[in-house]
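Asker: Residue numbers (this note's numbering), protein chains in the order written: chain Z, 53 to 409; chain C, 5 to 346.
Rather than coming from a laboratory, the hints here were simulated on the basis of the structure.
A quick note: this is a predicted structure, and the numbers were derived from the prediction, not measured.
Hints are supplied without guarantee of correctness; some may be wrong.
[What the hints assert, rightly or not] Chain Z residues, not near chain C, derived (Cβ > 10 Å throughout): (1) Gly187; (2) Trp227; (3) Leu235; (4) Val269.
[As the list claims (entries may be wrong)] Subject to a maximum C-alpha distance of 20 Å in a straight line, what follows is the list of computed SDA-like cross-link-like pairs (lysine to any residue): (5) Lys176(Z) to Gly275(Z); (6) Lys176(Z) to Ala327(C); (7) Lys176(Z) to Val233(Z); (8) Lys176(Z) to Phe135(C); (9) Lys176(Z) to Gly266(Z); (10) Lys377(Z) to Phe135(C).
[Stated by the list, open to error] Restraint-style ranges between C-beta atoms, simulated for each label pair: (11) Pro112(C) to Ser270(Z): 55 to 63 Å; (12) Val79(Z) to Arg178(C): 23 to 31 Å; (13) Ser349(Z) to Ala111(C): 37 to 45 Å; (14) Arg230(C) to Ser90(Z): 42 to 50 Å; (15) Ser372(Z) to Leu331(C): 32 to 40 Å; (16) Val79(Z) to Phe135(C): 47 to 55 Å; (17) Phe135(C) to Val234(Z): 38 to 46 Å; (18) Leu309(C) to Ser372(Z): 28 to 36 Å; (19) Ser349(Z) to Pro112(C): 39 to 47 Å; (20) Leu224(C) to Asp381(Z): 27 to 35 Å; (21) Ser92(Z) to Leu189(C): 53 to 61 Å; (22) Thr256(C) to Ser270(Z): 43 to 51 Å.
Glycine residues also receive a C-beta, built at the ideal position from the N, C-alpha and C atoms.
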Amino acid sequence: MTTLTAAAQARPGWSRWLARWEALLIVALLGLIVVGNSLSPFFLTAGNFANLIAALMEVAIMALPMTLIIIVGEIDLSVESSAGLASALLGFLWMSHVPLPIAIPIVLAVGALGGLVNGLFVAKAGLPSLVVTLGTLAVFRGLALIVLGPIGVSDFPPAFTELGFGHVPGTLIPWPFVIFVVLAVLLTVILHQTWIGRQIFAIGKNSGAARYSGVRVSRVKIGLFVLSGLIASLAGIILTSRLSSARADAAEGMTLTVVTVVLLGGVNIFGGSGSIPGVVLAVLAVAVMQNALRLASVTVEVQSIALGLLLILSVVIPTSAHRAKSAIDRVRGGRPPPADSVPRGEQRIPTVEEERS
Amino acid sequence: MADPRAGALVAPSRTPGRLVGTIARQRELSLLAILIVLGAAVSLRAPQFLTLSNVSQVAVLASVTAVAALGEALVILTRNVDLSVEATIGIVAYVVAVTLESHTFGAPAAVVVGIALGLVLGMVNGILIAFLRVPSIVATLGTLSVFRGIDYFIAGSHQVPLAGLPDGFTDPARSDVFGIPVFVLVTVVLVVIGTAILRSTRFGRQIYAVGSNPEAAAILGIPSRRVVFTAFALCGALAGVAGVMWVMEFGTINGTAATGAVLAIVAATVVGGVNIFGGSGTLAGAALGALFLGFVANALPLIGLNQFYLQAIYGVVILVAVAADALILRRLQRSRTRRSGR
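Chain C extracted, bound-state conformation:
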């Protein structure tokens, strides 16, 4: 896989220090290595950890986080953040479930409506941040509260039971194609499409450019506002997809669906090597990050820790990943200065 940093505007012609550069580039590989070591260590204590059924269960559950993390990755690549994704997932999940229960739409229409709703909510964020110039942290903290409030408001105390959904709607969460769970396939397809867009289209290169150096991007005539707006809109749409998957996965939906999920989503994104300073990282990394956190969550009870540790672990993961990124970035800059002989 090509070095995403090399394609960015930072300094394509200068080669960073070899060792540091290798580490920086191999976040996906090192994450895989950690995953394997973790898996081996846990399965020593709990042999059921590495069984096929457990692994595919973890992967299916992680797919929901992973799809949302893809959207979060697009936003973080532009040097912004979206804290409202969990509310978007929640509201989409409820709307899809309740329209299915009341037979307003058939299953395919409900899925389209859910994704479209996510897109619209993402566009609201995009307008606030790109055109009204509200810092993304404030805007999405506000819309987190607004979207969740709307979710509570329309849901009230109503809960859509699994039996309220049409027959077969939740099947994709439980079925597989040639032994690969459908959710995992969906995630892989989205990662492949997204990676192709990021690597090979003008919009994709503009996302990296805006994130790694907004001033330079502006000088080059890159329409950074439109790029940031599109990133937030796509993030909303992907959160919509995750919302639909949420319904299929859990079946029973009320107004509190996905509360607190934003920590896992941001943690998955940064642990997957998407640099919080923007401009570097890959979608495959974000998806692997979600898988990693999924395994950690699954391993906790097997090694005798209760679920209360999960939140603290998400926090520590965010801190460690961000600190590592900053360290690598600093080393890169230092070695770059040395090499350019200044």
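So here's chain Z without its partners, still in its complex pose:
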């Protein structure tokens, strides 16, 4: 698995663990497929797979920049509202007779601008991304409501709804999946094969050390938040197209699924390690799980309980395993394990003493 090498080099000693985590995901995925197949004869059909993938594509697309942001040691809770704002703005522009080839770039630009606001607050003002993006989560959703109000816009032309709803001609592959694959490959190369990716891992592992090594920390972070806002708007456009309806409350509650997918994909919540292929595997696992639950007639409420538990477990298991391993190493008298990075909840502006040290 060559794609893992960058992550492995960025965090020596984690490579084996990461490889194992991804192996675990593959096993879970196969297990879910077996379970799903026993639930319904239609589970293993191409049509069902196309459906289960299509239903999760907005989440999957937003998970890609979220992966980079969590690796760099931040978080973006505002993605669902960025997508909602994109949907509302698109509906508003279409209602005001702006042609789509002009409206879509405007929507994407507004999304990037929203990401820039997040990035400036986090990187320039030094505020915790958790609170900043909690604030913009409300601001972007509020703007969506102000722009479109409680109405829905649904008279989009067929050429547009084809983007979210249609398939690549002659196959069952949905168009959003093509977009996802292209973005995933692009970001995999950037994260795992280029200097940009190296800088992202370096900042996530030790932001101070990265800065003293000449990494422009705030520029990288701002760039990532802009990317996140841009791609979240793209996801909002795809969602609008797939449902052929623009609404201000589009994508509400989606951030939870996005963060779950990323952490399930083996990305360390404290930053510094993770991989795009792992997240792609997690997307497939969650898609299959949701589909299997639906086939088993499990209600939406129980699905939301399952998702919440999955999110917590995907942090508890690796953290506990790491602590158990450290404890074993200590007992054996081996070298002390690397200290865990400071949890995000505990981040703050470094004091002067820390800056000097």
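Go by the hints and put chain C onto chain Z.
Answerer: Then chain C, alone, in the frame of chain Z:
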């Protein structure tokens, strides 16, 4: 009121710059000043804004948010956050309402059960965060989904109507003692008790210590995990109180009660001067923050803006309050370095 920063572990012996220190200390006062100016400005356009009945109505409604914000303040003081409070409020509200409707418990027992349920849910968060070391943002994002899912699951499509509640149960939301609404009295009592605990007990000082400098707190032998756990447990219990108040206030309860309330609660806490970096802030500030947001929500229609602006305003309030805190903190650190002659 004593400077909460001075009691914290940051650096008790060094005096921060006088002006900056004053601003930092006076968040409660400046909030009151803003409230008065806002009230005067709005009442110019809508004279009914500052009538006694409107003010007490706003204060009663804000009390529910304020009680939940007290719990959120305890958690944020320890440098954590609890996003699951709204689900705790929702689940407690439904359980209290439905047990009353089915006559499982009498009114006093239902109230106790509701608060106890909130306490248990808060302890679940506390275990995850303090003992399993899940970052609070992830843990409470997860439990937000889990608690709300359980709420939907037990509620289904059932809705408890106002008529299903025993007679007089919702009276506390509508009655007053010597002209002061009962809900406001409850909030004030909780603020006074909580402030006394924070200022004068070992646990209270430990909360500030853990929040302002976890490493130093650990070196001093403060059991930070137990402190964080207790903060989350109390936050759950206070959310339980807010859930009971929610039933009394709104009467008609289904599985979606309090959806989205977390933004107002966090916004009230940070706008009330509880520093998001932990270690400083007061409960009175958090309660005043809730009152402030209550007035803003009430003033919107009076000045011709619809409710859709409210969400955006909560967001802007969070951003502005946090940015101001960070600015003050940075100034404090800078002036402290200058004074210590380094």
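Asker: Are the hints correct? Go through all of them and say.
Answerer: Each hint tested on the structure:
no.: 1; hint: Gly187; result: violated, 4 Å
no.: 2; hint: Trp227; result: holds, 29 Å
no.: 3; hint: Leu235; result: holds, 24 Å
no.: 4; hint: Val269; result: holds, 17 Å
no.: 5; hint: Lys176(Z) to Gly275(Z); result: holds, 12 Å
no.: 6; hint: Lys176(Z) to Ala327(C); result: holds, 11 Å
no.: 7; hint: Lys176(Z) to Val233(Z); result: violated, 33 Å
no.: 8; hint: Lys176(Z) to Phe135(C); result: violated, 34 Å
no.: 9; hint: Lys176(Z) to Gly266(Z); result: holds, 17 Å
no.: 10; hint: Lys377(Z) to Phe135(C); result: holds, 17 Å
no.: 11; hint: Pro112(C) to Ser270(Z): 55 to 63 Å; result: holds, 56 Å
no.: 12; hint: Val79(Z) to Arg178(C): 23 to 31 Å; result: violated, 59 Å
no.: 13; hint: Ser349(Z) to Ala111(C): 37 to 45 Å; result: holds, 38 Å
no.: 14; hint: Arg230(C) to Ser90(Z): 42 to 50 Å; result: holds, 46 Å
no.: 15; hint: Ser372(Z) to Leu331(C): 32 to 40 Å; result: holds, 39 Å
no.: 16; hint: Val79(Z) to Phe135(C): 47 to 55 Å; result: violated, 28 Å
no.: 17; hint: Phe135(C) to Val234(Z): 38 to 46 Å; result: holds, 43 Å
no.: 18; hint: Leu309(C) to Ser372(Z): 28 to 36 Å; result: violated, 49 Å
no.: 19; hint: Ser349(Z) to Pro112(C): 39 to 47 Å; result: holds, 40 Å
no.: 20; hint: Leu224(C) to Asp381(Z): 27 to 35 Å; result: holds, 28 Å
no.: 21; hint: Ser92(Z) to Leu189(C): 53 to 61 Å; result: holds, 58 Å
no.: 22; hint: Thr256(C) to Ser270(Z): 43 to 51 Å; result: holds, 50 Å
Against the hints set out earlier in the document, violations occur for numbers 1, 7, 8, 12, 16, 18.
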